[in-house]
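Visitor: This is what each chain is made of:
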Amino acid sequence: MSLAKGQTARPNLASFPISTLIVLAILTSYASMTYELVIAQAIAILTDEVIWWESFTIGAFIAATGLGIFAFDDLAKNDDLRVFRQAEYRLALVGLLALPLTLFVHIYYRIYIVDYAPHSALRSPLNWVMLTCQIPNLLIGFFSGLELCALLRLVGNARSRVQIGVIALYHLGALCAALVFAVALWMKIDAFELAFCAAILNALIFFYLVSRCQATFPFAVRRHVQTGLASGLLLSLFVSVHPGWELLRELQMKNFYYNNIRVESHDGGFTQIGPVPLTGLLAWGKSVPPIERHISSYQVIDIVRSDRHEPEWKLYLDGHFQFSSETERFYHEMLAHLPVMLTRSIPKELLVLGGGDGLLARELLKYGERVHKIDLIELDKDMIHLAKALPFSSLNDRAFYNTKVRIHIADAFSWLRLSKARYEAIYIDFPYPYTFEGLRLYSVEFFNLVARTLSAQGFVMMDAPLFEAGEAGWEEHIPALLAKAGFAKVFALQGEYGETFLLALKEDRQVVWAFQDLAIPLATFSDAWFTRRSHLVELKAGALRNTNSMLKPQRISLRDVWK
Amino acid sequence: MTWLSDKRRLQVIGLITLIVAFCSIVYELMLAQCLSIILGNTVLRYSLTIGLYLFSLGMGALAFAFWKKAKSSQLLLVIELVLAVLGLCLPFLILGGDQFLRQTLQGLMTNRSSVLTWLPSWVFMHALIVLIGLLSGAELPILMEMGRSLGGDPAAHKVLALDYVGTFVGALAFPLFIFEQLGLVAGAALVGGLNACAALVVLAFYPETRRRHRVLVCVLSLAASFLLIRNEEDLRNLLVGYVFG
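Going down the list, the sequences are from chains A and B.
Residue numbers for the first sequence follow the numbering used here, so the first one is 238 and each next one is one higher.
Residue numbers for the second sequence follow the numbering used here, so the first one is 1213 and each next one is one higher.
These are calculated hints, taken from the structure and not from any lab test.
All C-beta atoms, glycine included, are put in the ideal place defined by N, C-alpha and C.
Warning: the hint list may mix true and false statements.
To be verified - Beta-carbon label-pair distances, calculated as ranges:
| no. | chain 1 | residue 1 | chain 2 | residue 2 | range |
| --- | --- | --- | --- | --- | --- |
| 1 | A | ASN497 | B | LEU1227 | 47 to 55 Å |
| 2 | A | VAL774 | B | ARG1442 | 36 to 44 Å |
| 3 | B | LEU1439 | A | PHE475 | 52 to 60 Å |
| 4 | B | LEU1439 | A | LYS657 | 33 to 41 Å |
| 5 | A | ASP352 | B | LEU1343 | 25 to 33 Å |
Bound-form chain B, shown alone (with noise of 0.2 Å):
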């Protein structure tokens, strides 16, 4: 990104962050959702989603401390690609992933209603809640050291406030927008293209990240999130038709 003004490069960070903050919190309000359609009792869903999912932002941003940051560019892209594609299949790997696992004990137990038929499917469920807060916890420390390196401590305030911005929007088009108007399937295929289109931002303004692989990771992503969003309502029937059929 040598050949941009440090101003513009900013101008690149700030963009990331807000679209990563919005895909942030947004994945949080999904996994808090899907939880509230397998388990009921959406306050609880939604109190426990959050203290785990913010605990999760918290020792990602811990983990960032121990990484190099000569390689936080390389990073960002890693996560974002892992984002993108998680965000994808986020309700079918919940859901799905529910099913599965409960159809699979249940037929290997004698005792259908034995905690082992349920209690894998829940870890795994919360386990995915840890796993997406921990990446999009790094998120933020690493633009935050990016935006330091091109202005000092002032472009790492406002790549924060930017942070803030995006979640607080994410918070509202939530409920508001996609919930509501896309839907689940919809809705995560959305924003696990918006990861892609953060770590196409990366590719394209930071040469050192550019793998073959990781090109066509995204490329993919953006095709599937494409593909998912035009065929929700099949995907969607295909998907209840597994778990509640």
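Excised from the complex, chain A in its bound form (with noise of 0.2 Å):
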């Protein structure tokens, strides 16, 4: 066949095998969809709005991937493996980009965005920010578009079962990228690592193409000497993006926790130190202490040593504060043994909701023979490992080697569902609810939960937010969520350093306020404390009839301030 000057020879059918095809399809769709599950988790990590980004890409994904069957007769002009191909090579480009582009963008929202002043950082911009991370979804979706049309063009008859057959296993790519996620998930691989495996897919698609391509002399050197830059430009992205990425993540993480605004005094007053610049971030980075990361199934878990006060180290789960080592001792305290003094008796089965860090085991187990057993749930194996090895063992005393704490790995919602035990006691350990996952802790149906597995005289401690910045109304909803599990007294306390703790009982029975000797070595408690300190408040219900609900949540999760 001869061709015209520039036309290249169109590849048809018998050229394409069906199983090339099917093949193609499997693997461009699984590409693709990878790419928008990690952008989508990549965003909900660092948002905190899991349900909002994991609709919102699917659904920009989805738009865009039509916009592209629609641009590609316009683009094509009758060349439809040159789109295929050119979509391949800008899809490798893109994805590999696109997490590292993710990172940036908050480490620059981080430095020159954000409003550290408590009051209006609820009002930063975080979301909004991170819109600009969907124009890699966007296009994305934009090329996969593309090359859907593509493969079904180079099928042949839009009306053929074929093209329809392609079509159904192009949506099979989906589903392997799907279970493919949920397993890297579950063996704790970097969502990272899944893009860098679909670019190399895209990359040798491309290659392959550009194999296919017959093009008439001068035209095929200029698309040799193309093909050549294209491929080169991908070698080197491919080579040097795996150490950009660990680098660019070291530095997320130090941008986070330690570059942030300080104030110190001096005689002349105060003055405002911090952040350090982007164009400084990288020099700056090795002056702090490495961040110790363990990455679980669930969370993300930050071990942070203070760079000022050493031996000092926090507890950070998915970037949130839980615990320093200098100060948690007042918390765990309060929370493990007010209730006993309130209540003027120690429970001897007990129940640990949480508590992964061993710290709250730490305390429980100073009643020594008066408690008979704790059971504790904590969702995350991962950190159970931790608390045993330093250095949370020193510091939760190597609680979790003793034998009367029996620890069930499980969701704590789940195993209460499942659960035919009555307890004393119930102490809830969790973190704050800044997702739906912590939401669900904080629920209508949560609390039944609690409410049935504890018994009549039992009662239950917990850290709640009540009092915290946020969305309005914790104050009432608490109260409310208790009241319709069938509590009928809830206590409220704050502690040494603003956290607020919750009693709830089910009997309607009055507490002591008074300190009491429980023969075990305290730092917190004290006559003193108890005459300085004001005195519990009784919450009351009020006539809240919505009261948060999984199925209708109240939008009371919280925003952190400090992220």
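Two chains, two frames, some hints: make the complex.
Guide: Structure (structure tokens):
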């Protein structure tokens, strides 16, 4: 067949066996879906808005795919293979750079945009800024639409069953991506590795399509030069992006935990220091301690050493502060022993929900033989492994090695649904509800289960964000939740560092606001402490109709002012 | 629908497309949310549901290829009615079904934490995802075929465009409005009601689809949707009491 000047031989069905088209359909869809999933996850983790970003990302991806399908005819101009080839090349590029872009945008936001004053931090436009990270997602969707159209054109007849079969198998690729993503989460594989492998797939398809390209001289020369340049760029990116990603991720962590505004006092007054600008970040990053990061199937666990007060270290879960090694004792003593003093009874069989750091268990074990068993429910087994090793084990006095503590690795919600046991005391030591995962544990459904698991004379003690900055209404909702679940009395008290504790009783009885010698070593409590502190506040549920239900959350998830 | 001009008929098909595309993505997100409630780990649930749902959409489209094109409107009506009924009771099906299966199986098993106590429920929930995905997947090729029969390929492309628009709007509407403002019970009732509205439109403009029982199901679905939305809190408390009480 003779070709006109610059024209390529148009590929036809005979030159692409059906089996090849099927494989291409599955692989291209797999790669595109992988990018969508990792982008959604990355933004969701940084912003705590999982439902919003999962929904928006898939919607935007599908819409952009539609745009790509519609733009195909105008772009292809009878050269379907060229558009397909270019789409693969661009997908590899954008797919490789999507996650690094997300981290870079977050670094930029933390340095130049976020307002560190607590009262205005809530208005910091984190979600608006992270919208820029949807640009790669939109591009990926657009190019995916182009590649789907190109595949269908290569099949031929627009109404053929083969074409519909290719569409069906294209969606099989999406399913494979979801399954691989789930396995990667379970195996704690970094999402970037998935994106990297998907980009390799796109690149391999690009090179395969290049090999199918036929052109006459001298246009073949131009085509080869273009292909060579594109290949060189791709290969150099592949080589450099991995170490670049590791460096960027380390910088993003350090920037988040250390590169904040500080106020230092001196003779003349106060000086505001920081944050270090972008241009100096690399050099500054070498001067701060490394962050010990553990990625579990459920959360990101960071152990952050102080850059100014050695040997203090802090625990963060998904970027949210949990405790400091210097001050945790005040918190855990209040959580563990205050209800015992107030109710004048030491429970024998205890249930601890959360508390995977072992610090609450350390306090409860101080009662010795007076406590018979402690069932501890923790979702994340990696947290338990950490708690059994240094530096946790020196802080929690190796509490998890005590035979009285029976650890159950389970979702607290599911465990309570299945449990028929009854306990004299239930301690709830969960992270605050910054996401829907946390909201599940501050819902009427959850407290129904807690009330069912508590004995009639028992108590529930928890740390709750009653007066935290954030969406208003916690001080109404939590008492309403507990009242709806069947608790007769709810008392609130603020701790040494502003945290709020709630004590809930199923029985309608009073508590004794006075020090009791429990014959255990305590750093917090004394007669003077009770005299100095205001008394407990009894919370009334009021007439609140719509309490926080997982079927209809009241949008009372917290916005972390420090994130 | 012969008394309408082709342009008007295409507009009707466009309206149906918008509605069903909106409903399809909202069903998918609701399913993911229900599974998150029961099983936890929201990111994992959304990812798996998206993948399984998209695959089922593809299978639904493939199944349509073997259907007689002349009866497209009838198939569309049946799909909308089935989706309306499923959608109306989606949270009850998922959450209530899970609780019923678990309780029954735990009563039968000596080992309460055996895999057989939760596996049937898990299979049931994911089978629902596949079923709703299959039905939703068949909608688009049906509507494109109906559009193509009136205006050729350009009309079919317009139907496809509206499908993507409806999907995008639904993806925004779920987190911003449906889940927070309405909740899952009222939200499912709304979406089921929208499917019933789509069925009503098909009944109105395609006389060959009218059968007494279909009209009855459509009207009852609309009524049920209204009642569910109106009594959302009581029904939600009922469901919560049964599942978590």
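Visitor: With reference to the structure, classify each hint as holding or not holding.
Guide: Evaluation of the provided hints:
1. Between A/ASN497 and B/LEU1227 the C-beta distance comes to about 52 Å, which sits within the given range of 47 to 55 Å.
2. At roughly 38 Å, the beta carbons of A/VAL774 and B/ARG1442 sit within the given window of 36 to 44 Å.
3. At about 59 Å, the CB distance of B/LEU1439 to A/PHE475 agrees with the hint of 52 to 60 Å.
4. Evaluation of the 33 to 41 Å hint for B/LEU1439 and A/LYS657 yields a pass: the beta carbon distance comes to about 36 Å.
5. Roughly 48 Å separates the CB atoms of A/ASP352 and B/LEU1343, a value that falls outside the hinted 25 to 33 Å.
Checked against the numbered hints above, the structure breaks only hint 5 and satisfies the rest.
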